[in-house]
Amino acid sequence: MLSGLANPRQAAVQLMNFGLILSTAFMMWKGISVITDSPSPIVVVLSGSMEPAFQRGDLLFLWNRNVLAETSVGEIVVYNVKGKDIPIVHRIVRKFGKGPEAKLLTKGDNNVSDDTELYASGQDYLVRNDIIGSVFAYIPFVGYVTILLSEHPWLKTVMLGLMGLVVVLQRE
Amino acid sequence: MYTSVVRLQNVFGFFTTVAFVVAAFIAASDFLTERAPIVRTLKTTSVQVVRGRPHYYSSKKEEYAVINFSLDADLSSLFTWNTKQVFVYVTAEWPAADHAKTNATNEAVIWDTIITSPSADHLANIGPVAMKKLRKSAGGKSIDPNRGKLSLKNQRHKYKITHPSGKLAMTDNVTLRLHYNVQPWVGLLTWDQDVDYGYWKALKNGVSKRFKLPAIKEKKPASAGAR
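Just so you know, the protein sequences line up as chains G and B, in that order.
Following full-length UniProt numbering, the numbering of the first sequence begins with 1 at its first residue and continues without gaps.
Following full-length UniProt numbering, the numbering of the second sequence begins with 1 at its first residue and continues without gaps.
None of these hints come from the bench; they were simulated from the model.
Built from N, CA and C at the ideal position, the CB exists for glycine as well.
Incorrect hints may have been included.
Stated by the list, open to error - Reference listing, derived: stretches of chain G covered by chain B, where coverage requires no fewer than 3 residues with Cβ under 8 Å from a Cβ of chain B: (1) 33-41; (2) 52-64; (3) 129-140; (4) 148-159.
As the list claims (entries may be wrong) - Straight-line alpha carbon distances no greater than 25 Å define the calculated DSS-like cross-link-like pairs of lysine-lysine that follow: (5) G/Lys98 - B/Lys217; (6) G/Lys103 - B/Lys133; (7) G/Lys103 - B/Lys60; (8) B/Lys132 - G/Lys103; (9) B/Lys136 - G/Lys103; (10) B/Lys212 - G/Lys98.
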């Protein structure tokens, strides 16, 4: 960085490169969002309620379009409960009716009872709109680092510090 | 140029690339293994409709269908080296009230089971004794096709099913259907299919005969206070 001050052009290039990497990552994320029609196309499993299929830290890929068939019983979906901001990954076990108004009930494979208790008060069933995607692909463990970072905030500081140290120490 | 940081970055980058390529090959190998699941028998053994409440503190009375069934199926070909578990479930399906107009149906799971592959036995949520038994049943093999052989006689339902309207008695054209969901170690999740895709054959004979739910079975007046 100190050498960059002596050469403003090089510093500008570095800054642009950094911006490019950030915007590419953002565009890719939003691009996948558009393709899958899901606000959050890749999610990390946060609880053990779908064990043994999904462990904490596993990465799930979501698809939210009904091209060939409707979202139906047996699919593992990610949904948001009204008023709560935590996405939940559970399996649909009941479906009454058809279309956007169909009533859906979910349950975690590892839970004894269904999700009625988890829903907002007065809400007995989900509708299609509450769902942000159905799981179609799976990679184990890769997302665990995000769980570590959110559960131990000091790790973020350590990581930022390390990165800064690398930038400062890196001389050509 | 060749600082230890750069080397570390290169090693990590190479590691992730190799890991993802290997994972992609493993996931792709699923498509090259044959799947030929079959159901030999799927039939109801007893069907009842009873009155009940959704939970203890509810005053709402609903009708519940209590369906027991027999199942004989061979899903052993679903177990490969990339199979983590197979989730098997039986649904009851019946036409909705406006079926004639909209073709809508109702569907509810009445029974399910998780069959872990021996490689995933340690993840199963069971007690130590059952775990020991489960591990022993595989005989040290990492793939055990015997896990996929299901033979249930007069299996008790796991879930009593109802309908949001609370009415279920005398419903006609109900069918039971066997489904499965294959959970891989890495790759695509797959479900039972109606048509053949390449090496994957459709699930044959997975639907029961149509049946009709009976009228409500009246319980004998309970001695402990009829509220």
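**Q.** Unmet hints by their number, sorted upward, for this structure
**A.** Of the numbered hints, 1, 4, 5, 6, 8 and 9 do not hold.
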